[in-house]
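Here are the chains, one letter per residue:
Protein chains: 4
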Amino acid sequence: MRRSARAAKRLLSRLAADSLRRETLTTTRAKRSAPHRVYDELAGRIAELGRQAHQRGWALGTSGNFSAGTSRDPLRLAITASGMDKGRLSPAQVLEIDGEGRPVGGGGGRPSAETSLHLAVVRARGAGAVLHTHSPWSTLLSDLHAGAGGLAIEGYEMLKGLDGVTTHEHREWLPIVENTQDWSAGAAEVEAVLRRRPDAHGLLIRRHGLYTWGRDFDEAVRHLEVLEFLLEVVGRSR
Amino acid sequence: MRRSARAAKRLLSRLAADSLRRETLTTTRAKRSAPHRVYDELAGRIAELGRQAHQRGWALGTSGNFSAGTSRDPLRLAITASGMDKGRLSPAQVLEIDGEGRPVGGGGGRPSAETSLHLAVVRARGAGAVLHTHSPWSTLLSDLHAGAGGLAIEGYEMLKGLDGVTTHEHREWLPIVENTQDWSAGAAEVEAVLRRRPDAHGLLIRRHGLYTWGRDFDEAVRHLEVLEFLLEVVGRSR
Amino acid sequence: MRRSARAAKRLLSRLAADSLRRETLTTTRAKRSAPHRVYDELAGRIAELGRQAHQRGWALGTSGNFSAGTSRDPLRLAITASGMDKGRLSPAQVLEIDGEGRPVGGGGGRPSAETSLHLAVVRARGAGAVLHTHSPWSTLLSDLHAGAGGLAIEGYEMLKGLDGVTTHEHREWLPIVENTQDWSAGAAEVEAVLRRRPDAHGLLIRRHGLYTWGRDFDEAVRHLEVLEFLLEVVGRSR
Amino acid sequence: MRRSARAAKRLLSRLAADSLRRETLTTTRAKRSAPHRVYDELAGRIAELGRQAHQRGWALGTSGNFSAGTSRDPLRLAITASGMDKGRLSPAQVLEIDGEGRPVGGGGGRPSAETSLHLAVVRARGAGAVLHTHSPWSTLLSDLHAGAGGLAIEGYEMLKGLDGVTTHEHREWLPIVENTQDWSAGAAEVEAVLRRRPDAHGLLIRRHGLYTWGRDFDEAVRHLEVLEFLLEVVGRSR
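Residue numbers (this note's numbering), protein chains in the order written: chain R, 104 to 341; chain D, 104 to 341; chain X, 104 to 341; chain G, 104 to 341.
There may be inaccurate statements among the hints.
Which copy is meant is left open, so a pair is good if it fits within one copy or across any two.
[Stated by the list, open to error] Computed cross-link-like contacts, EDC-like style, restricted to lysine to aspartate or glutamate with a CA-CA straight-line distance of at most 16 Å:
| hint | residue 1 | residue 2 |
| --- | --- | --- |
| 1 | 263 | 302 |
| 2 | 263 | 143 |
| 3 | 263 | 322 |
| 4 | 263 | 188 |
What the hints contain is simulated information worked out from the structure, not anything from laboratory work.
Bear in mind the structure is a predicted one, so any value in this text is a computation, not a measurement.
Full structure from sequences and hints, please.
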């Protein structure tokens, strides 16, 4: 009798842990070193964001990739492995890379094909997290406005969700760069564009999607939602 | 008995239970006084609504804020803290303020930057709850119709979901006020607009979003869904 | 030890409270008579459909109502109570009415204000279930095509989801009737329209929404999804 | 004490009934032979995909059907039974057929009415999985472009999610075939079209929907999401 009561209690505590992956992470974390805890926390956040972005239709068909810095010096990023279904993304599908894009730990798989672009954003902005989505609206508008080299979004309250923007009268310029399959060369162009426009909070790749970033993961997620929202408003206003 | 323990173990391991924040709240609540119970109940409803509104795309990027009266005299509101991600909104991110917008209890953080606007609605309408969303359709239509000073919605059955409306032949006028970053002054304008239009059930802030309210939380949520629905119909009918 | 057993019990009760309403229903059902089991089953299905329709944006702001026949002779319907939030609809918010629309059992509340319309459909079609939704597309199209007295949908494979339709070459005519607030008179008109068009699987109320039905609940749900899908396709094709 | 143990057991049984279908499957699987495990795994994946596609509005009203090869020689497919509600699709609503479309095992029901089409795709492509959805965009665009005999999608990054496509400069041609109710004849036409266009990754049936496939289930799901995404972008760009 005592045994069954104890078994019930033990199992119930496991149950709570079993429900949320984040909870599980917390449990595991307690036993790990500080750097591991940072990595585990960010891999969990990346996996959760991937599933949400997939659900919203912003990362279908294994598209989209997400990274977050786990260390500044030496530079280390947690980044989604290449080719993963974001609707089932787990922390084990996130790996750790160094400043040259070489895997140094974390889950298995190869780093995302667009790793050099993430690193370019980190270099140009000192970003703590870089998020890339493929929504219908970003795909469509990055094509329509490619001739102008960018898309201006102005006068919306939602712009105040962008770091440093304190009024809706802000004019946000989203540069548009041509798509390429050679991101080792392309990354240099992206880095140059970002240095020319130090005020930009995001970047569109033509017929490809949105890149945005933030000092930390929370800020990057906020920028992502702000910009995807504004692209939808602009798209529906046509 | 060992059999029942094993059965318990087997069954438990199969469970993938979600630990509901509301359940936890219920437990905590049992030990609290009546005013606290009112506050806890409303903080829970606000958090739940925030997550739903985020899921529908009505409160992305930390936008949106929600309040509910916990006491009339003295006036006390439960209101979302500033800058919270609505997709993860918890009751602990709701705080209690007095009629001047000063925090008097509840969760941490600062009250929403638009607190004065919530208080203006409470003064002008005697509202028991005030809800503010940033949907694409309200953002887009509040801009298109700004020149006319408002948007008329007429002849829809859904209008009957608004308090006191008994026929679809009703004509609802949603005033549109210019956006501002000075809501201490702006709140006076909003209050004046609402007193001039005592029949209005909502209000649009240009390129910013919708405000609506109700005598209690349920009515406010109904008004929110009714108006967001109608804005979508009007937007898609263009 | 007794404390740990009590703790387990307390935790389990909380988990159980979080469990599916349908499960609870099943348990309760075992002790009830056959007619009660039919009622309970249908009340559960109605509540589940309400929550789904709300999630899809087809029943916002307490709009929408759903009924299912629990007995032919005497006629008895399970029908949603008036004014309920469909996003939280529970079986207890469904009640049982007779052929005159008078409550005879089930949950509390008043029957839906459009009860006479449900009964008209049951009389004209011998329907076993009647479903009414307020989607943006049905609202919008019922207005655009009101002048023609109806909307023809033709040539789509999805039409084969309608009872008795065996080819996509089918032409479905959805009659449109003017909205009214006097459904005791309006119901007679609806019944007359349905008798004139014995081939129609649904009906639009102008600026109000869709009515559809089926021999049983499953067929009615299928008709609902088929017609809402087709209205979206027609709406987006404009 | 015994009472609390019994109470625990009773509550647990109810909770367990509410547990995940996949869990149940896993448990059952442990006792089954290797071919059965392949079948069970694929039936589970098909059921899960059906529920997701329904949730996205790609398989409403019992539309859509999905298959996956369980054996090459002899040819065996797991395929959705005809007329099932995809929102509630369970592994028991998937059955196993041979190369002539005759049921040889698995769940109950008749194989999908479009079984011959699935088999045509398997013959023409050696596909390991065939997926068919009815989204609004595929329905609408398959009609608009029917005159041209197909729809070209070119220049999008998302195209790289298609097997063998290594650059966004790829031009994907989606053949459009007329809808028919005689799929024993129609299947031959589909097979001929696919053999003429060995580079196509999908196929539209006019006013009916999309067929796509992959070497295995994961690849087919990726192709489905890629093509549905691109159809939405093309549709919204009009």
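Evaluated hints:
For a Cα distance limit of 16 Å, the shortest separation of residue 263 from residue 302 inside one copy, 14 Å, qualifies, whereas the shortest one across copies, 31 Å, does not. Taking the closest pair of Cα atoms, residue 263 and residue 143 never come within 16 Å of each other, the shortest separation being 31 Å inside a single copy and 30 Å across copies. Taking the shortest alpha-carbon separations for residue 263 and residue 322, only the intra-copy value of 12 Å comes in at or below 16 Å, while the best inter-copy value is 30 Å. In this assembly of identical chains, residue 263 and residue 188 lie within 16 Å of each other by CA distance solely across copies; the values are 14 Å between and 32 Å within a copy.
Violation of the numbered hints given earlier is confined to hint 2; every other hint is satisfied by the structure.
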